[in-house]
Amino acid sequence: EYIGYTSWVKRGDEEPLETSANDFKQRTNYWLSYSKPLVYTWHLLDYLGEETIDSIMHNYYKDWKFRHPYPDDYFSYVNKYSNKDLSWYTSDVFYQTGRVDYGASIKGNEVVFKNYGTLTLPFKVAFYDEKGNEISQHWYENVKRFRRVPLPDGATSIKIDPDETLPDINRSNNSTSKPFTFTWVFD
36 EYIGYTSWVK
46 RGDEEPLETS
56 ANDFKQRTNY
66 WLSYSKPLVY
76 TWHLLDYLGE
86 ETIDSIMHNY
96 YKDWKFRHPY
106 PDDYFSYVNK
116 YSNKDLSWYT
126 SDVFYQTGRV
136 DYGASIKGNE
146 VVFKNYGTLT
156 LPFKVAFYDE
166 KGNEISQHWY
176 ENVKRFRRVP
186 LPDGATSIKI
196 DPDETLPDIN
206 RSNNSTSKPF
216 TFTWVFD
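Quick note: the sequence shown, position 82, residue 117 per my numbering, numbers continuous.
Note that these hints are calculated values from the structure, not bench results.
Note that beta-carbon positions come from the ideal geometry of N, C-alpha and C, so glycine has one too.
Keep in mind that the hints are not guaranteed to be accurate.
Here are the simulated distance ranges between beta carbons [as the list claims (entries may be wrong)]: (1) 130 to 205: 22 to 32 Å; (2) 122 to 205: 22 to 32 Å; (3) 46 to 111: 49 to 59 Å; (4) 140 to 169: 12 to 22 Å; (5) 80 to 207: 19 to 29 Å; (6) 168 to 54: 38 to 48 Å; (7) 105 to 73: 12 to 22 Å.
With these hints in hand, go ahead and build the complete structure from the sequences.
Right under this line is the structure:
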């Protein structure tokens with residue numbers, strides 16, 4: 036689903052999901068009304084964790100089975116059972132269009148995250164040592180344009196979205212490492 040979703044979004048003719056199926060200008064947007072929620076909900080699962088998602092879904096089903104809920108009914112459960120700001124999911128994903136594209140670079144002892152996209156989603160970053168062993172993982176939220184963070188001790192490379200749940204349209208700029216330092220020795 037990720038490849039299909041990102042290929043259509045890159046074309047630039049995405050329409051908001053709230054659009055009635057009869058009002059879509061492009062037939063492909065009907066398909067996006069299924070793939071986009073799936074891709075973003077998969078990322079929501081990674082962000083909130085399985086226990087929280089299970090609580091949301093079980094309570095939502097219990098209260099709404101055999102009834103006809105609207106999107107705002109579902110969103111109220113997402114917000115009720117989470118202690119995080121999920122406006123990126125409840126508003127941006129369903130009522131707006133846009134792209135997710137984060138990039139990273141290492142400058143000295145800092146990591147610089149840059150948002151090349153138009154949507155702002157939380158993202159996970161893994162930090163690795165020179166042998167490729169993972170040192171730590173951290174979530175970053177509200178990176179609207181760019182953010183600088185200290186590089187953890189011993190970290191020489193990083194990867195945004197190591198589990199590949201973020202619907203980033205350009206994953207090629209999601210990892211980086213410290214530049215090599217060459218020392219020339221002449222006799």
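Cross-check of the supplied hints:
| no. | hint | verdict |
| --- | --- | --- |
| 1 | 130 to 205: 22 to 32 Å | holds, 24 Å |
| 2 | 122 to 205: 22 to 32 Å | holds, 24 Å |
| 3 | 46 to 111: 49 to 59 Å | violated, 33 Å |
| 4 | 140 to 169: 12 to 22 Å | holds, 20 Å |
| 5 | 80 to 207: 19 to 29 Å | holds, 24 Å |
| 6 | 168 to 54: 38 to 48 Å | holds, 47 Å |
| 7 | 105 to 73: 12 to 22 Å | holds, 19 Å |
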